[in-house]
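Student: Chains as they are written, first to last, in this note's numbering: chain E, 1 to 281; chain H, 1001 to 1363.
To be clear, the hints were calculated from the coordinates, so they are not data collected in a lab. One or more of the hints may lead you astray.
The calculated label-pair distances, taken between Cβ atoms and stated as ranges, are [stated by the list, open to error]:
# : chain 1 : residue 1 : chain 2 : residue 2 : range
1 : H       : Asp1203   : E       : Asp205    : 42 to 48 Å
2 : H       : His1084   : E       : Ala26     : 52 to 58 Å
3 : H       : Ile1310   : E       : Pro97     : 47 to 53 Å
4 : E       : Asp205    : H       : Gln1125   : 32 to 38 Å
5 : H       : Ala1224   : E       : Arg204    : 32 to 38 Å
6 : E       : Val275    : H       : Gln1125   : 32 to 38 Å
7 : H       : Ala1109   : E       : Ser96     : 44 to 50 Å
8 : E       : Asp205    : H       : Ala1224   : 52 to 58 Å
Here are a few chain E residues that face chain H, going by a calculated C-beta distance under 7 Å [claimed, not checked]:
#  : residue
9  : Leu180
10 : Thr186
11 : Ala189
12 : Pro190
13 : Lys230
14 : Gly231
Okay, derived cross-link-like pairs now, SDA-like style, lysine to any residue, Cα gap no bigger than 25 Å in a straight line [what the hints assert, rightly or not]:
#  : chain 1 : residue 1 : chain 2 : residue 2
15 : H       : Lys1071   : E       : Leu196
16 : E       : Lys230    : E       : Ser61
17 : H       : Lys1071   : H       : Arg1003
18 : H       : Lys1069   : E       : Ser61
Think of the CB as a built atom: it goes at the ideal place given N, C-alpha and C, for glycine as much as any other residue.
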Amino acid sequence: MKRAPSLFFYLPAGLVFSVFFWLPLAGLLLESFRPFTPGRVGAVTDAPLTLANYEELLTPSFLEFFTQTLRISLFASLVGLVFSFTLAYWITRRMSPRGRAIAIGFFVSLMFLSVLVRTYALELTFGAAGPFRAMLLSVGIYPNSRGYIEILVAAGLLHYIVPLATLTLLTTIQNVDPRLFDAAQTLGAPGWRAHLSITLPLSRDGLLAAFLFSFAFSISAFVIPMILGKGRVLFVSNLIYNRFSEIADFPSGAAISVVLFAVSITIVYVTTRYVNRREAV
Amino acid sequence: MDRIVEFHDVVKRFGQTMAVGGVTFSVASGETVSLLGPSGCGKTTTLRLISGFEEPDEGTIRIAGESMKGKRPYERNVGLLFQHYALFPHMTVAENIGYGLKYRGWPKAEIPARVAEMLRLVQLQGFEPRRPPTMSGGQQQRVALARVLATSPKLVLLDEPLSALDAKLREELRLELKQILSAVGSTTIVVTHDQDEAMSLADRIIVMNRGCIEQEGTPDEIYAEPRTSFVAGFIGRANWFCGRLGKGPDGAFVTLTTEAGSTLRMRAPQKIDDGKWRACVRPERMILTRPDAKSDGRSDNLVSGNLVDIVSLGGEIHYVVEGADGRLLAVEPNRGGPRVNKGERVGLSFQPEDCVAFPLAEA
Chain E
1 MKRAPSLFFY
11 LPAGLVFSVF
21 FWLPLAGLLL
31 ESFRPFTPGR
41 VGAVTDAPLT
51 LANYEELLTP
61 SFLEFFTQTL
71 RISLFASLVG
81 LVFSFTLAYW
91 ITRRMSPRGR
101 AIAIGFFVSL
111 MFLSVLVRTY
121 ALELTFGAAG
131 PFRAMLLSVG
141 IYPNSRGYIE
151 ILVAAGLLHY
161 IVPLATLTLL
171 TTIQNVDPRL
181 FDAAQTLGAP
191 GWRAHLSITL
201 PLSRDGLLAA
211 FLFSFAFSIS
221 AFVIPMILGK
231 GRVLFVSNLI
241 YNRFSEIADF
251 PSGAAISVVL
261 FAVSITIVYV
271 TTRYVNRREA
281 V
Chain H
1001 MDRIVEFHDV
1011 VKRFGQTMAV
1021 GGVTFSVASG
1031 ETVSLLGPSG
1041 CGKTTTLRLI
1051 SGFEEPDEGT
1061 IRIAGESMKG
1071 KRPYERNVGL
1081 LFQHYALFPH
1091 MTVAENIGYG
1101 LKYRGWPKAE
1111 IPARVAEMLR
1121 LVQLQGFEPR
1131 RPPTMSGGQQ
1141 QRVALARVLA
1151 TSPKLVLLDE
1161 PLSALDAKLR
1171 EELRLELKQI
1181 LSAVGSTTIV
1191 VTHDQDEAMS
1201 LADRIIVMNR
1211 GCIEQEGTPD
1221 EIYAEPRTSF
1231 VAGFIGRANW
1241 FCGRLGKGPD
1251 GAFVTLTTEA
1261 GSTLRMRAPQ
1271 KIDDGKWRAC
1281 VRPERMILTR
1291 PDAKSDGRSD
1301 NLVSGNLVDI
1311 VSLGGEIHYV
1321 VEGADGRLLA
1331 VEPNRGGPRV
1341 NKGERVGLSF
1351 QPEDCVAFPL
1361 AEA
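Throw the hints in and build the complete structure from the sequences for me.
Tutor: See below:
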């Protein structure tokens, strides 16, 4: 059989995807254009369409949620990428096969640990009431200051980013021929410069994938900023939750969700384009 | 003559394994030396020791008179041509060749001219913007060579330089490689398990086995005067006779009485003992004759057997003879087809000067 499988075989997956992904998304999109009726859960059916929910998002206090989410996510993703790349390199090139298996097992099992457990553990250890409180205060860091909390949220995100990105990068680094690094050295490039000019560019696709995974995970994070942010640092997801559940403003919550979705897709598109364009030149 | 490479009692172990067991040799300026041996003989470790990827456990390595102790690969001006080229796939040909120039401190403005010069040397003018993955194996090999030679390294190491290419291309590139290397006058070490590669490229061959040097010499010396049975067996084809040695009629020759009862005369080894010996005769030194051919006054050795196979390789014909002393091979140039028919009884005659005996215990 040389023929491509007929459309028929794609039907079940397509159907499920349409019903459970596209349909709710369309509902959300529609809801985001409806006016909010206080005291009512969800907009009135057939209410006239409006852009009011989107206009509201342009006010500085709302924009702040987006910039904050993006800033902390970007920071955590980039830091995570640096950690993960070095870790993945070390695991693939320096460890014995046995050590490698143990390391991979460790990272995989980390993913099974509940996000709640890990986030509370971080809060217990480094939070405002943690054992480091006195030490932090003595060097002039206030555990309730905004900067510190932001770093704590980033640390929470890194808990997920590092194992995920490391596992992604393992195969990437495995596929880079180690002799290229040797060749660079015999041509006079010291170790780190050989890595910068050879290993890193050749890991481009893997780095991009790992970055996008990490970034997508971060900007949609909910539990981590909720617990570690303590209301001072809130991500867009927290705002969406707040809209939907606490004041029951479904149209506004829907509008924020749509914008977050659009922002994510734009970032993926632009990043991928940018990286691939640089390769083509 | 200046010595570019000096190895003195170099030992390298990996755990319990002795990869290089006390190796001493030197390479003179402008010379091409081949390290030849089977896989696991220590030649690749020697190469890695020279290029700085491994440090010796004992002994000293000097390059151009300078001790290499603690010198990282990028601190040695040693060019290494990798077996599978190791070209950087994300860079153009020009960037590949320019890579070493950049890190060896060439002025940026001079790099394009040098790259063009190197491409001319390997006959790939105008290939600057190409990317290695779009090029053929032979072209990639040339780019790799240009990249190695661009920085004028004190020493060029070639790691199985032609083994990744097909037979015909290999022949062509071998000649070209030799021309290019002598044109730039580089000092070269060719590491290979392929004796043709070693013989054709090198002025001198160092045969290695089990981490040690078995013999050093010109290709002709190694082939005609193997000093150990390993060398005799590894370089070229050989016919072997096993037996015990006895004193010959004159001092220069001894007799070997084989297990099958043949008596062969051969050159006397330096000392003789009562143990078992094996003697080696090159197939092209064996002359196919009639089985009852009387030696024509000159006391040539003669063994007989049945001609069991004839293999014509175009340029030469291989006669496989099964006799009392086992299976023997005679190779003659093809001058109008085989002289004898398969299944006939034939004799093989050869001169005592062409037999070299080794004590069997050594093998």
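Student: A separate judgement is required for each hint: does it hold in the structure or not?
Tutor: Results of checking the hints against the structure:
{"no.": "1", "hint": "H:Asp1203 to E:Asp205: 42 to 48 Å", "verdict": "holds (47 Å)"}
{"no.": "2", "hint": "H:His1084 to E:Ala26: 52 to 58 Å", "verdict": "holds (53 Å)"}
{"no.": "3", "hint": "H:Ile1310 to E:Pro97: 47 to 53 Å", "verdict": "holds (51 Å)"}
{"no.": "4", "hint": "E:Asp205 to H:Gln1125: 32 to 38 Å", "verdict": "holds (33 Å)"}
{"no.": "5", "hint": "H:Ala1224 to E:Arg204: 32 to 38 Å", "verdict": "violated (56 Å)"}
{"no.": "6", "hint": "E:Val275 to H:Gln1125: 32 to 38 Å", "verdict": "holds (33 Å)"}
{"no.": "7", "hint": "H:Ala1109 to E:Ser96: 44 to 50 Å", "verdict": "holds (48 Å)"}
{"no.": "8", "hint": "E:Asp205 to H:Ala1224: 52 to 58 Å", "verdict": "holds (56 Å)"}
{"no.": "9", "hint": "Leu180", "verdict": "holds (5 Å)"}
{"no.": "10", "hint": "Thr186", "verdict": "holds (4 Å)"}
{"no.": "11", "hint": "Ala189", "verdict": "holds (5 Å)"}
{"no.": "12", "hint": "Pro190", "verdict": "holds (5 Å)"}
{"no.": "13", "hint": "Lys230", "verdict": "violated (46 Å)"}
{"no.": "14", "hint": "Gly231", "verdict": "violated (47 Å)"}
{"no.": "15", "hint": "H:Lys1071 to E:Leu196", "verdict": "holds (21 Å)"}
{"no.": "16", "hint": "E:Lys230 to E:Ser61", "verdict": "holds (18 Å)"}
{"no.": "17", "hint": "H:Lys1071 to H:Arg1003", "verdict": "holds (19 Å)"}
{"no.": "18", "hint": "H:Lys1069 to E:Ser61", "verdict": "violated (64 Å)"}
Hints 5, 13, 14 and 18 from the list above are not met by this structure, while the remaining hints are.
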